[in-house]
Amino acid sequence: MKRLLLFLPVAIVGVLFGFFFWGLNPDRDPNAIPSVLISQPAPEFDLPPVEGTETPGLSVDDIRAAGEPVLVNVFASWCVPCRAEHVVLTRLVEQDGIRLMGINYKDKPTDASNWLDELGNPYERIGSDYSGRVGIEWGLSGVPETFVIDTNGTVVFRYVGPIVDTGAVDEIMTALEQARAQAAGGV
Amino acid sequence: MFRGVILAAALTVASAVPIWAVQPDEILDDPVLEDRAREISKELRCVVCQNEPIDSSNAGVARDLRLLVRERLVAGDSDEEVVDFVVARYGDYVLFRPPFKPTTYALWIGPFVIMGLGALGVAVMLVRRPRRIDAKDVALSAEEEAALDALLADKDKGRQG
Numbered sequence: 001m002k003r004l005l006l007f008l009p010v011a012i013v014g015v016l017f018g019f020f021f022w023g024l025n026p027d028r029d030p031n032a033i034p035s036v037l038i039s040q041p042a043p044e045f046d047l048p049p050v051e052g053t054e055t056p057g058l059s060v061d062d063i064r065a066a067g068e069p070v071l072v073n074v075f076a077s078w079c080v081p082c083r084a085e086h087v088v089l090t091r092l093v094e095q096d097g098i099r100l101m102g103i104n105y106k107d108k109p110t111d112a113s114n115w116l117d118e119l120g121n122p123y124e125r126i127g128s129d130y131s132g133r134v135g136i137e138w139g140l141s142g143v144p145e146t147f148v149i150d151t152n153g154t155v156v157f158r159y160v161g162p163i164v165d166t167g168a169v170d171e172i173m174t175a176l177e178q179a180r181a182q183a184a185g186g187v
Numbered sequence: 188m189f190r191g192v193i194l195a196a197a198l199t200v201a202s203a204v205p206i207w208a209v210q211p212d213e214i215l216d217d218p219v220l221e222d223r224a225r226e227i228s229k230e231l232r233c234v235v236c237q238n239e240p241i242d243s244s245n246a247g248v249a250r251d252l253r254l255l256v257r258e259r260l261v262a263g264d265s266d267e268e269v270v271d272f273v274v275a276r277y278g279d280y281v282l283f284r285p286p287f288k289p290t291t292y293a294l295w296i297g298p299f300v301i302m303g304l305g306a307l308g309v310a311v312m313l314v315r316r317p318r319r320i321d322a323k324d325v326a327l328s329a330e331e332e333a334a335l336d337a338l339l340a341d342k343d344k345g346r347q348g
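Chains as they are written, first to last, in my numbering: chain R, 1 to 187; chain B, 188 to 348.
Rather than coming from a laboratory, the hints here were simulated on the basis of the structure.
Mixed in with the good hints, there may be bad ones.
If we take Cβ atoms under 8 Å as the criterion, some of the chain R residues that face chain B in the derived model are [said to hold, decoys possible]:
id: 1; residue: P34
id: 2; residue: E44
id: 3; residue: P48
id: 4; residue: G132
id: 5; residue: I136
id: 6; residue: S141
id: 7; residue: G142
Don't be surprised by glycine CBs; every beta carbon is placed ideally from N, CA and C.
Okay, chain R solo, but in the shape it has when bound (with noise of 0.2 Å):
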């Protein structure tokens, strides 16, 4: 026993030291808040259209009635790494036929529809949030911020910032197709 007691410095160390390095893991972001609605079913909410475009509005209807895995992808004209993950996600739906939803956030209807004539519109529909109050609904903390959601409309994935590396398209095809394999297990 008085032994054992003798190695107890020891492991207080090695406990310490798995703490720093976990700590020091650069994959690690100490700023990243988790999203609280993971596994919830999308908040609730009708946006109209963004006005001089012919996208239709959103609603959570819109997105439950997809009847497949729907990418959800905040974004604004004066947000510039949305601009940089445009043509990520326009690829994505052109090459991989994903259904892409938007919300237009706190943007100005002739600004979002001057930035869809200029970069090409890869939105099935387009919900106009300008006063952000959908955007606290669904816990936003800035744009651009992407959901996955299923075809039960429960949020799978969310992913903050601007998916352009291929990491962060892996991750949101990864959660697409575990969301499209769920649906098919019949869950």
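Since chain R is already given, all that's left is putting chain B on it; use the hints.
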């Protein structure tokens, strides 16, 4: 001259009004509700500038949340209901004071456990430390006394000689 400098300094300090993040158009007409809104806002973390409460943050989302807090208060929510409303959307993360629940037990109780262990260690150390030696328990035996006397006598002799 000197008096003038002091006066100027005093005037400068007196006229310096703190700049609040809360903008005039956000403030409620009802001072009681506004006070409650300010108190709640001080307890809520801004999700953009994470060490600032929404009360003093200039971020857009912070302003939206301040407006939301006031909107809920005007609608007749209690302080707890307002906080729960925000927590339901942003999680416990927005609370500067984490709630006491199973996932935060380690956070709340941990320091006391560590302090308890430390106190236990000190107590064990104090109990096991040898007690103060009592002179009566270690009195010399008769033989030892005699030997000592002989030695002392020898020493005295030596000094005389």
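Report holds or violated for the interface hint on P48 (chain R), using the least CB-CB distance to chain B and a cut-off of 8 Å. 19 Å, violated
Does E44 (chain R) pass the interface hint, meaning its C-beta sits closer than 8 Å to a C-beta of chain B? 12 Å, violated
May I ask you to test the interface hint for S141 (chain R) with respect to chain B, counting a Cβ-Cβ separation under 8 Å as satisfied? OK, holds: S141 (chain R) within 8 Å of chain B, min 4 Å.
Evaluation of the interface hint that places G132 (chain R) against chain B, nearest CB under 8 Å: 5 Å, holds
Evaluation of the interface hint that places G142 (chain R) against chain B, nearest CB under 8 Å: 6 Å, holds
Please verify that hint: I136 (chain R), Cβ, nearest Cβ of chain B, below 8 Å or not. 6 Å, holds
Interface restraint verdict for P34 (chain R) against chain B (beta-carbon cut-off 8 Å): 6 Å, holds
This entry does not satisfy hints 2, 3, going by the numbered hints stated previously.
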